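Asks: First to last, the sequence lines map onto chains A and B.
By the numbering used here, the letter at position 43 of the first sequence is numbered 43, and the numbering carries on one by one without gaps.
By the numbering used here, the letter at position 169 of the second sequence is numbered 169, and the numbering carries on one by one without gaps.
What the hints contain is simulated information worked out from the structure, not anything from laboratory work.
Some hints here could point you the wrong way.
Interface residues of chain B toward chain A, partial, derived using beta-carbon atoms under 10 Å [to be verified]: (1) P78; (2) A123; (3) G150; (4) V166; (5) A183.
So, partial list: chain A residues that the calculated Cβ filter (under 7 Å) puts toward chain B [stated by the list, open to error]: (6) S59; (7) K60; (8) Q64; (9) P79; (10) E148.
Quick caveat: nothing in here was measured; it's all calculated off a predicted structure.
Glycine included, C-beta positions come from ideal geometry on N, C-alpha and C.
Protein chains: 2
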Amino acid sequence: MARWEPNAEGRLRTAAMELFLERGYDQTTVADIADRAGLTSRTFFRYFADKREVLFVSSKAFEQPVVDALEAAPADAPPMAAVAAALDAAAELIGANREHSRARQAVIDSSAELRERELIKLASLASALADGLRRRGVPDPQAGLAAETGIAILRVAFQRWREEAVERPLAEVMRASLADLTALVA
Amino acid sequence: MARWEPNAEGRLRTAAMELFLERGYDQTTVADIADRAGLTSRTFFRYFADKREVLFVSSKAFEQPVVDALEAAPADAPPMAAVAAALDAAAELIGANREHSRARQAVIDSSAELRERELIKLASLASALADGLRRRGVPDPQAGLAAETGIAILRVAFQRWREEAVERPLAEVMRASLADLTALVA
Numbered sequence: 001m002a003r004w005e006p007n008a009e010g011r012l013r014t015a016a017m018e019l020f021l022e023r024g025y026d027q028t029t030v031a032d033i034a035d036r037a038g039l040t041s042r043t044f045f046r047y048f049a050d051k052r053e054v055l056f057v058s059s060k061a062f063e064q065p066v067v068d069a070l071e072a073a074p075a076d077a078p079p080m081a082a083v084a085a086a087l088d089a090a091a092e093l094i095g096a097n098r099e100h101s102r103a104r105q106a107v108i109d110s111s112a113e114l115r116e117r118e119l120i121k122l123a124s125l126a127s128a129l130a131d132g133l134r135r136r137g138v139p140d141p142q143a144g145l146a147a148e149t150g151i152a153i154l155r156v157a158f159q160r161w162r163e164e165a166v167e168r169p170l171a172e173v174m175r176a177s178l179a180d181l182t183a184l185v186a
Numbered sequence: 001m002a003r004w005e006p007n008a009e010g011r012l013r014t015a016a017m018e019l020f021l022e023r024g025y026d027q028t029t030v031a032d033i034a035d036r037a038g039l040t041s042r043t044f045f046r047y048f049a050d051k052r053e054v055l056f057v058s059s060k061a062f063e064q065p066v067v068d069a070l071e072a073a074p075a076d077a078p079p080m081a082a083v084a085a086a087l088d089a090a091a092e093l094i095g096a097n098r099e100h101s102r103a104r105q106a107v108i109d110s111s112a113e114l115r116e117r118e119l120i121k122l123a124s125l126a127s128a129l130a131d132g133l134r135r136r137g138v139p140d141p142q143a144g145l146a147a148e149t150g151i152a153i154l155r156v157a158f159q160r161w162r163e164e165a166v167e168r169p170l171a172e173v174m175r176a177s178l179a180d181l182t183a184l185v186a
């Protein structure tokens, strides 16, 4: 029987970030992470499918609430307003701690396999948002375009937020990026 | 000394597509592909870094001419007009043979590692387009937003073009998708 460990997931995530920053991602094993967290590799794999996943929020904890926000937008909201509601929800979930986001991104940028995993996660979110828009009655190609555009804004705004000299709320940077895009394509 | 083989690259690409469609991507080895093409694995690796690459146009043959088209747009063209010129060039390069594009996409969609490689190629193109826009004097975040939006249009339009009942030129579908996007964010 597995022993219940208080906050095992959080301890594994913290240990992983520490080790990735100290030694580098490639030089850190799952056994190292589990050891630093005072847990076993077996426990690690109860929470994460592989070493890469320890850097990503689960789709249940991120993609699902973002899609829920899209679906909860007023029925008569135009597609990009529903996407903006989804971006607000995303900002709330990933915009809490800028120092952590910067450190995490430095790790991701250091590894081709982490960059690939990040792109897969964003493609999955784009696909889930497009499906959500279709359920709201938005036809194709508008559903796909609005969803992909939302991801483009998320990517650019998340980077802008991490790099700006003076910190602003991520939701504000997302809204500003959407306004910039509107001006660009006008 | 390596013997010169006429059109070795094209023969390897054709052999690879045949085998991927016959047996599946995972069940085909580089040796199988070389054998079908009447060449050696060593020749394969002179043209492609790995098995995945045989399905992708080289960056010299695709990314570079697309960025060149962006840079060749009139100096006073607004950012999205320069992106539209890049999309025209992309359409010319990848819109020649719809049946081939459909078969190729079916192979890519069958394999997680191929989908990852496709996302990496598009991210690389987005980054190159953003750099090209910065060289044109477009500031950030507009450069990043216009580039990412261009890739969103490319993805959606390329899929739309492959799937439409009646074939239209890809450049026309790209322009229509850009117009749809403009209406969406207006």
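Asks: Determine for every hint whether it applies to the structure shown.
Replies: Hint by hint, here is what the structure shows:
A distance limit of 10 Å between C-beta atoms decides the matter here; for P78/B the minimum to chain A is near 8 Å, and the interface restraint holds. Given the 10 Å rule on beta carbons, the hint for A123/B holds: about 6 Å separates it from the nearest Cβ of chain A. Because the closest C-beta pair between G150/B and chain A is about 9 Å apart, less than 10 Å, the hint holds. Because the beta carbon of V166/B sits about 15 Å from the nearest beta carbon in chain A, more than 10 Å, this interface hint is broken.
Because the closest C-beta pair between A183/B and chain A is about 8 Å apart, less than 10 Å, the hint holds. Because the closest C-beta pair between S59/A and chain B is about 15 Å apart, greater than 7 Å, the hint is violated. Because the beta carbon of K60/A sits about 20 Å from the nearest beta carbon in chain B, more than 7 Å, this interface hint is broken. At a threshold of 7 Å, the smallest CB-CB gap from Q64/A to chain B is about 21 Å, leaving the interface hint violated.
For P79/A, the interface hint holds, the least distance from its beta-carbon to any beta-carbon of chain B being 6 Å, beneath 7 Å. About 4 Å separates the beta-carbon of E148/A from the nearest beta-carbon of chain B, less than 7 Å, and the hint is met.
Figure legend: structure checked against the earlier numbered hints; hints not met, in rising order: 4, 6, 7 and 8.
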